[in-house]
Structures are given as structure tokens and as C-alpha cells.
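If you want the building blocks of each chain, they are given just below.
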Amino acid sequence: MKQLMLGNAAVARGLYEAGCCVISSYPGTPSTEITEEAAKYDEIYCEWAPNEKVAMEVAFGASLAGKRSFCGMKHVGLNVAADPLFTVSYTGVNAGMVIAVADDAGMHSSQNEQDSRHYARSAKIPMLEPSDSAEGLAFAKLAYELSEQFDTPVLLKMCTRVAHSQSIVETSDRVEPPMKPYEKNIAKYVMMPGNAIRRHPVVEERTRKLAEWAETAEINRVEPGEDHKIGIITSSTSYQYVKEVCGDRFPILKLGMVWPLPAKKIKEFAASVSLLCVVEELDGFIETYCRELGLALVGKDTFPLEGELSQTIVAEKLGLPHDKGLTLDETIPGRPPVMCAGCPHRGLFYTLNKNKCTVLGDIGCYTLGAVAPLSAMDMTLCMGGSVSGVHGFNKARGTESEHRTVAVIGDSTFMHSGMTGLANIAYNQSNSTVIILDNSITGMTGHQQNPTTGYNIKGEPAGKIDLEALCRAMGFERVRVVDPYDLKACDAAVKEELAADAPSVIISRRPCALLKYVKHSAPLAVDPDKCRGCKSCMRIACPAISMRDGKARVDATQCVGCGVCEQLCAFGAFHSTAKEG
Amino acid sequence: METKNIMIVGVGGQGSLLASKLLGHLLMEQGYDVKVSEVHGMSQRGGSVVTYVRYGDRVNSPVIDKGEADFIVSFELLEAARWLSYLKPNGQIVTSTQQIDPMPVITGAAKYPENLVEKMKATGAKVDALDCLALANQAGSSKAVNLVLMGRLSHYFGVDEAHWMSAIEAVVPAKFLELNKKAFELGKNA
Numbered sequence: 001m002k003q004l005m006l007g008n009a010a011v012a013r014g015l016y017e018a019g020c021c022v023i024s025s026y027p028g029t030p031s032t033e034i035t036e037e038a039a040k041y042d043e044i045y046c047e048w049a050p051n052e053k054v055a056m057e058v059a060f061g062a063s064l065a066g067k068r069s070f071c072g073m074k075h076v077g078l079n080v081a082a083d084p085l086f087t088v089s090y091t092g093v094n095a096g097m098v099i100a101v102a103d104d105a106g107m108h109s110s111q112n113e114q115d116s117r118h119y120a121r122s123a124k125i126p127m128l129e130p131s132d133s134a135e136g137l138a139f140a141k142l143a144y145e146l147s148e149q150f151d152t153p154v155l156l157k158m159c160t161r162v163a164h165s166q167s168i169v170e171t172s173d174r175v176e177p178p179m180k181p182y183e184k185n186i187a188k189y190v191m192m193p194g195n196a197i198r199r200h201p202v203v204e205e206r207t208r209k210l211a212e213w214a215e216t217a218e219i220n221r222v223e224p225g226e227d228h229k230i231g232i233i234t235s236s237t238s239y240q241y242v243k244e245v246c247g248d249r250f251p252i253l254k255l256g257m258v259w260p261l262p263a264k265k266i267k268e269f270a271a272s273v274s275l276l277c278v279v280e281e282l283d284g285f286i287e288t289y290c291r292e293l294g295l296a297l298v299g300k301d302t303f304p305l306e307g308e309l310s311q312t313i314v315a316e317k318l319g320l321p322h323d324k325g326l327t328l329d330e331t332i333p334g335r336p337p338v339m340c341a342g343c344p345h346r347g348l349f350y351t352l353n354k355n356k357c358t359v360l361g362d363i364g365c366y367t368l369g370a371v372a373p374l375s376a377m378d379m380t381l382c383m384g385g386s387v388s389g390v391h392g393f394n395k396a397r398g399t400e401s402e403h404r405t406v407a408v409i410g411d412s413t414f415m416h417s418g419m420t421g422l423a424n425i426a427y428n429q430s431n432s433t434v435i436i437l438d439n440s441i442t443g444m445t446g447h448q449q450n451p452t453t454g455y456n457i458k459g460e461p462a463g464k465i466d467l468e469a470l471c472r473a474m475g476f477e478r479v480r481v482v483d484p485y486d487l488k489a490c491d492a493a494v495k496e497e498l499a500a501d502a503p504s505v506i507i508s509r510r511p512c513a514l515l516k517y518v519k520h521s522a523p524l525a526v527d528p529d530k531c532r533g534c535k536s537c538m539r540i541a542c543p544a545i546s547m548r549d550g551k552a553r554v555d556a557t558q559c560v561g562c563g564v565c566e567q568l569c570a571f572g573a574f575h576s577t578a579k580e581g
Numbered sequence: 001m002e003t004k005n006i007m008i009v010g011v012g013g014q015g016s017l018l019a020s021k022l023l024g025h026l027l028m029e030q031g032y033d034v035k036v037s038e039v040h041g042m043s044q045r046g047g048s049v050v051t052y053v054r055y056g057d058r059v060n061s062p063v064i065d066k067g068e069a070d071f072i073v074s075f076e077l078l079e080a081a082r083w084l085s086y087l088k089p090n091g092q093i094v095t096s097t098q099q100i101d102p103m104p105v106i107t108g109a110a111k112y113p114e115n116l117v118e119k120m121k122a123t124g125a126k127v128d129a130l131d132c133l134a135l136a137n138q139a140g141s142s143k144a145v146n147l148v149l150m151g152r153l154s155h156y157f158g159v160d161e162a163h164w165m166s167a168i169e170a171v172v173p174a175k176f177l178e179l180n181k182k183a184f185e186l187g188k189n190a
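Which chain is which? The protein sequence lines are A and B, in order.
With my numbering as the guide, the letters of the first sequence map in order to residues 1 to 581.
With my numbering as the guide, the letters of the second sequence map in order to residues 1 to 190.
To give a feel for the contact side, a few chain A residues facing chain B, derived at Cβ under 7 angstroms: (1) Leu4; (2) Lys243; (3) Thr312; (4) Pro333; (5) Arg335; (6) Pro337; (7) Pro543.
To be clear, the hints were calculated from the coordinates, so they are not data collected in a lab.
Nothing here was measured: the structure is a model prediction, and the numbers come from that model.
Just so you know, even glycine gets a beta-carbon here, dropped at the ideal spot from N, CA and C.
The following block holds chain A by itself, in its conformation from the complex:
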């Protein structure tokens, strides 16, 4: 049946049709929907793992046991899972194992722009790269065949434009591969030096065989062109931009597998054209390989290393005509993302700003605490980096720093990799203050459950980790919970825990205001006679509050009645519309 399908949903469909049985992933834009969509198929066991390393190890365990398995993550997630990745390359698989990694060129929702293709080369694992939803589905299925044929995990590389674009796919039925027998094989699966030494040549030989396969594989195809002045090697969404601009004019070598690369095919293609051009997003990965083959080409000397490509960039760089738009002679104010009205993080960041704290931040919606006018963040690095970072900051600057520096980290991020940093504080003894922003969900990626919420990926009751008990078990005697809607309580908690000569954890707990089960209070309104226009309420950057004719005004469609603004007003100008009856 033909359907318009999101790239990530098409990958999920491919996993389903290939008979995948076990999926473990950690959410991360733009990869999240693969696992969310796969969880809708009852035949597949799906879970959110605490982090990508755990997810990959779960997937490997399932493969070892004899069932086809999968884990999905964003580019930076693969950094977390790099440890098992490099060694699962050595062990190989029992049943097929596929790892999806989604890059975010243009950083729509990421802290860096990294090119995951380097992982395929350095971990010596084959990587397929679809260019639309139909290929997403087909390549997911092909990945399992390659995985089992060559005894290797297979990487499936997505990017934002393939993951988050819908295009037409044709679906078919699921095949149910029988469970593979599990046989104990110490030499293959116990990676200690004596065994790993014997596995490394196997890995090198496997790459050679895969490179041979790549020479004749249908997914690495030459599309003929009329004009041999230029020949273009490309893959993924870059292929779509090239086709958009060039149509059938120039010959194209379209690569569906970006590692290992087909040397002979590339050389033949290069010989058939006057000028070889490699069009790829981010790094010159294919280009580097071509240069190693001794080929002269146009690549990153012309195309940008940064950001996404587009049809305009491709046309411009190839010297082809492209459209220019209308120009409006007007300054258009930016519209950056903001914390939602009623966001429980707002009150806490206001408190940190008020107390002039140095704030080591982390990855999540709350990174928006760094945006003006709150500007209440000094650093954001990676998942869990706040908790470890605050310890290092305090060790470097001593007691004075301990009285003014905090780490802030979300509940899901804390489970992901904040716990180990907390263990370090407990063990190596700094009087650091860690604030867990517990909004009872993984917010940024669109509301996924996590080990602290008590529900699994399907919304069914699951195990629930008790954050307070966990922190106490690590040796923290000062653990307290505050409601971030209560500014006085937040202020007292922050002041007291910073002053204490002991490590402490503050859990700022209130569910995300966008969660369906969260009941909103009646919106607030401003009494224009009481409002003096002092703009105290504007310091919290609530999108529901604006100034009109010198007075504050509340947008009733956005306001959820959290009451934080009311606590800031010295003139009692805010009141709940509920009291009006």
C-alpha cells in the first residue's frame, strides 16, 4: 500500500517488516520517532533506555540471544554509545543488529554539528545512508541482511531532512525470521586481549569483503547524464538537492552505502567525466576517500563544511542559475524558542538569577534558561556535564565558589548521565549543590517517559526510581524538594543549600505544563489601575505577558495560571480570573 510517511516512521516500518523483535533507544532529535513509531507495532518489544550506551548493549544482548534487534540515537548519542560500538564490531552479531544514528546539520536541536560517518570508518562498521522515506524503509531491511551475511552490526545514518520529511513509501508484510540458536562461543564473544587479537583480522577481512559487495550493490548506482563535463558523487539529502538543480544533465554516482566505499566504481566514474565533484553535507568524508585514491576533485574547497546544503547552495557552487526572492525593506524581529507559559523551570531560573549564582547547565528545554532576560546559565556542554562540571569548578575555586555555584539538570538527563557525576561529588567530597529540575518527563524531545516517571514507552505502569532515596543512598544528607511555582520556597532552598558546608541536592519538582494530565488554573489578569508599569513581571520572560500602553497584559489563551508573575508584583496588580466567578 502507498502511503505518505515520515522518514523515521519509514525506518520503523522497515524494522517491522524485517522481523525486528527488540528495540532499545534513548530519545534525541531528529531520531526519536523511529522508536516511537516502532512501539506502535505489537510484534516488537520497545523500550526507552536510560542512555544510548545502555540501549546499544541491550540491542547487542538481544542479537546475541538470537533475535533481530535495533537501537536508535542522535549523533551526540553515538558518542555515548561509542564504547560498545567499537567492540561490537569485533564480536559481530548472532541475529542481525542495526544501529540508527541521526545527524543534525544546521543544529536545529543540537549542541554541535558532527558527522557520524567517521564512526563507520573508525569502528569498521558498514553504514547505509537513505535519501528519502522509501530508501529509509528499504535500507532498514537491507541492513539486517547485510548484518547477518557479513556478521556485523550495521549503521543506518539519517539526517534531519530525511528523518523529518514525509515522502511516499510502499509497505509490505512482516517476515518473522526464526530465533537463531544461541551457542556459547568464548573466542568470538569474550573480548579480552587473547581473543580480540584474533578478531581484529576478521574485522579487516570483513571490511574488504563489504567493499567488494559495494562495487556491485544496486544501492551504489550510476545515473547517466548527457553532459560529461561534470560528474557528481553524492548521497543522502545532498543527492536530492543535486537532482533538484541538475535533473539528468550530469552523471551522478549515488551512494547508498557510505562505508566501506567502492574504490573501483569511484575510479571508473571519475574517469568517465571531465571534472569530478563531491557534494556532501558537513565533512569531506567521501572526498577524503577519493583523494586517497589519487583523484582530483571539487569538494570542500567549494562547498561549506558548516550547516545544511540546499538546492540554492548547490546551484550557486556549480555556477547554475537559481531563484532570488523578494526583499522586504523592514527589520523583522527574531522569534527564538522560549520556555512555555507555565514552564516549571522559570521560577527556579528566576531564583538563580536573583541570587547571582554561577550556573553550570545541561541539555534539555531548561537550556533556554540561558536566554535573555533570565540569562541564568554559564555553561552547557553535554548530557550530564553540569554535575561533573560543578565539582571541577568548585575544586578549582574553593569554598567561595561552593557558596554561589550550582548545577542544574533535568530528570531524564540526570538518569542518562548525571548519576555518575553525583557519585563523584559524594566520593571526592566537594560541597557542591546540584539542582534536579524534575518535570516528570523527557520534555525537549517531545514527552518521552524515563526511569523516574513510572511509565514505559507504551504508557503502561513501569518501575519508578525514587530520586530522593537514590541521592541519599549515594551519601547526600541534604536532599530537599521544592515547588518551582513557589518563589519564596525556591529562594530559601537555594540560599540555605549554597550556604551549607555539605554537598546537597535540591529537587525542583513540578510536571511539565504541556503534559495532558496537568490541570491548569484559571488564567491571571492585570488590574490596569494597580499596574504601575514597573516591568518587574517582565523579568521572568513569560510569553503570556507583554506590555501594552505602559501596562502589563496577560494573554489568557497562553496563561496557565502558575502565579509566578503574581508573586513578583509589588502592587498586587495580578489576580486570578477564577475569583471573578
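Chain A is fixed; fit chain B onto it per the hints.
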């Protein structure tokens, strides 16, 4: 047929998802190759959002670039202006006149530009601006702005109303069907 391009722009959370779903369904049923592209994640948090809908005999790129859009459908006036450079010189803008202040305006760091409809028209763009929020409320819900806009867009589109109606039936939950059909009609006939 040469590829046609529609951009749906607005503020995160305004409901462009249903509009793109409806268009995708409608155009696929007409036998076109279709691509619909959007960005999820951080931009949803009250930021500027854009969805690209492309259709034709064969669609390659999932995105629309400057000077390529046949239509810009906008949920908010400032957003229509922001994306104006993406319109073809003879392209059509269909926009709601709703204004939502972005954070730089709220904090006083910037001003919301005045007379945007006139200024956009002065560039040569064809602009159809109407109070979609009022029409949506008239239909029964402020959330029906998307269907008001789709009704307005249908004016400029050579597709029979019957096909629009069956596409609406396919993508809208049954209990909101009448409301949405009414919103579509109100937009169409405004």
C-alpha cells in the same frame, strides 16, 4: 508537471501539523509525488516554525528555498513577512492577521513592525490577509485557524471542493469534523 511549492509558516504550537497533513493527503490522492518536510524539537517551543509541502510529477528536494514558493500560508503576520523572500515574484500569500509578539518585542528589545500587509504588497507580492482567528472562533474553536487558512488557500487551487472534503474527512477526527468543515467554508467564502 513542474514541482509546485507551498510553505506553511507560523509560531510553534499554532497547529500547522494538521494543515500539512491535510495538504499531503489531498495532493497524494490527486496522484502527485509529494514531499512534506518540517523540523521538530527545539523550534517548537514558541519559535518560528516552517513546513514545506512540494508536489509534482517527481519531487526531489524536501525543502523550499528563496524565490521558490508558489504559496506561503501563514498563521501569523510577522511570520509571513519573515518568509517573504521565499515567495516567487508572482506567488501568493494567504495569511491570518493575528499578531503574536516574539520575545524580543515582549522584552522591548525590538518593535513589532507596523502595516506589514501594505509593506508586503509594496514588494509586488499578492497578499490575501484575513482575520482567521475570528473566523475560527465563529466556526466554534480558536484551534480551527488551520482549516480557515486551508479554505482560503483552496480559492487559488484547481482542486474540486469534493476532494478537499474527502481529505478533511480522512485526516480530522470524527468528533471535530463538522467544526472543521465549517471553518474551511468560512475561510473559503470570506
